[in-house]
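K.L.:
With mature numbering (1 follows the signal peptide of the UniProt record, and there is no 0) applied, the sequence shown covers -18 to -1, 1 to 356.
The hints are simulated quantities; they were obtained by calculation from the structure and are not laboratory data. It is possible that part of the hints are untrue.
Stated by the list, open to error - In silico lysine-lysine, PhoX-like type, Cα no more than 25 Å apart, as pairs:
{"id": "1", "residue 1": "LYS267", "residue 2": "LYS309"}
{"id": "2", "residue 1": "LYS272", "residue 2": "LYS179"}
{"id": "3", "residue 1": "LYS29", "residue 2": "LYS323"}
{"id": "4", "residue 1": "LYS105", "residue 2": "LYS224"}
{"id": "5", "residue 1": "LYS105", "residue 2": "LYS272"}
{"id": "6", "residue 1": "LYS337", "residue 2": "LYS29"}
{"id": "7", "residue 1": "LYS340", "residue 2": "LYS210"}
{"id": "8", "residue 1": "LYS210", "residue 2": "LYS105"}
{"id": "9", "residue 1": "LYS62", "residue 2": "LYS340"}
Nothing here was measured: the structure is a model prediction, and the numbers come from that model.
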Amino acid sequence: MTMMIITVFLTVIAAVLAILVKNSQTGSGIFAPPEISGSRDVFPSAKVVNLTGASGPESIAFDPAGEGPYVGVSDGRILKWRGEPLGWSDFAHTSSNRQECVRPFAPELEHVCGRPLGLRFDKKTGDLYIADAYFGLLVVGPAGGSAKPLVTEAEGQPFRFTNDLDIDEQEDVIYFTDTSARFQRRQFLAAVLNVDKTGRFIKYDRSSKKATVLLQGLAFANGVALSKDRSFVLVVETTTCKILRLWLSGPNAGTHQVFAELPGFPDNIRRNSNGEFWVALHSKKGLFAKLSLTQTWFRDLVLRLPISPQRLHSLFTGGIPHATAIKLSESGKVLEVLEDKEGKTLRFISEVEEKDGKLWIGSVLVPFLGVYDL
């Protein structure tokens, strides 16, 4: 009888939350995404470059010749954009087991097919380095093909959710994140809701082939970006909505502090040619997310609700699909906020790459890239 009462209670709570989310979809409900002062709602005018038979272009990279972009997609492939009318072509893959990898989006097969997330080209060699959520840090040559694993563990602990990277070509090292020791990529929302703090920030020395943990205990370690002068590296901590700065040289070398606190959940971070940083927010942080992350009783209730992952994601992101990109200075000051407040064109963005007066915009969930003219 007690279990029946609990089940009924949770079902009622889930129904009430569903109603509140539906009201929030008008933009005025209590769970609606918050407004950001000074933001510009310009992304509805972005152009869309559709993928063919693929979804989830999470990260974006251009090769040393300026060709591309290249994107990693949900079925384990890296695609190359060859422009109109050629469109997209296969460039590389992170798993040689491709027989089952025929659907654009199949989270249950990610551990088989791979899930390439962060992408970075070595400008000297033309090699593409890949952070695959399941297969660790990999590399593929300029001709593409099957990527080769470089490292799958650090200091005796295997990677469980490799996420993003950046390359210091002068020091011959790669900085990258392992998001969680408990959760895999397809469990990303659970990692956030459980306030998991097992993420790591790691340095891989290409000469010695040694991986060294630089930071640990991170709450969803995510995007990585090296500063223009290479004096520091930025690491995104998604759950806390913060970006951390780890000093690599100077009097503060080896120390870290908060570089920026953001109004939502940051994913990847990319530096432009001026040394500024573009941060993509998966979503802004509304009331539901705040309560889930700060109130244990509310979080415990949410984790027991009899609702689908899709409904839970809708609750957590405020009920309205939207897109938010923030440009930060080298000191962490907010310079610009660009949005698609109602998700008319872009939503749930993962990365913003600035090139030749355009912003190329990825998403872990949608089947297209966004392109916005600055």
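K.L.:
For LYS210 and LYS105, compute the direct alpha-carbon distance and say whether it is at most 25 Å.
P.N.:
Judged against 25 Å, a Cα distance of about 15 Å means the pair holds.
K.L.:
Can the restraint linking LYS267 and LYS309 be considered satisfied, given a maximum Cα separation of 25 Å?
P.N.:
Roughly 18 Å between the alpha carbons, so the hint for LYS267 and LYS309 holds.
K.L.:
Holds or violated: are the alpha carbons of LYS105 and LYS224 at most 25 Å from each other?
P.N.:
Judged against 25 Å, a Cα distance of about 29 Å means the pair is violated.
K.L.:
For the pair we were handed, LYS272 and LYS179, check the Cα-Cα distance against 25 Å.
P.N.:
holds (17 Å)
K.L.:
Is LYS62 close enough to LYS340, meaning Cα to Cα at most 25 Å?
P.N.:
holds (18 Å)
K.L.:
If you draw a straight line from the CA of LYS340 to the CA of LYS210, is it 25 Å or shorter?
P.N.:
Roughly 20 Å separates the two Cα atoms, so the pair holds.
K.L.:
Does LYS272 lie within 25 Å of LYS105 when you go C-alpha to C-alpha?
P.N.:
violated (41 Å)
K.L.:
Take a quick look at whether LYS337 and LYS29 sit within 25 Å of each other, Cα to Cα.
P.N.:
holds (15 Å)
K.L.:
With a cut-off of 25 Å on the C-alpha distance, tell me whether LYS29 and LYS323 pass.
P.N.:
This hinted pair holds, its Cα atoms lying about 16 Å apart.
The structure shown violates the earlier hints numbered 4, 5.
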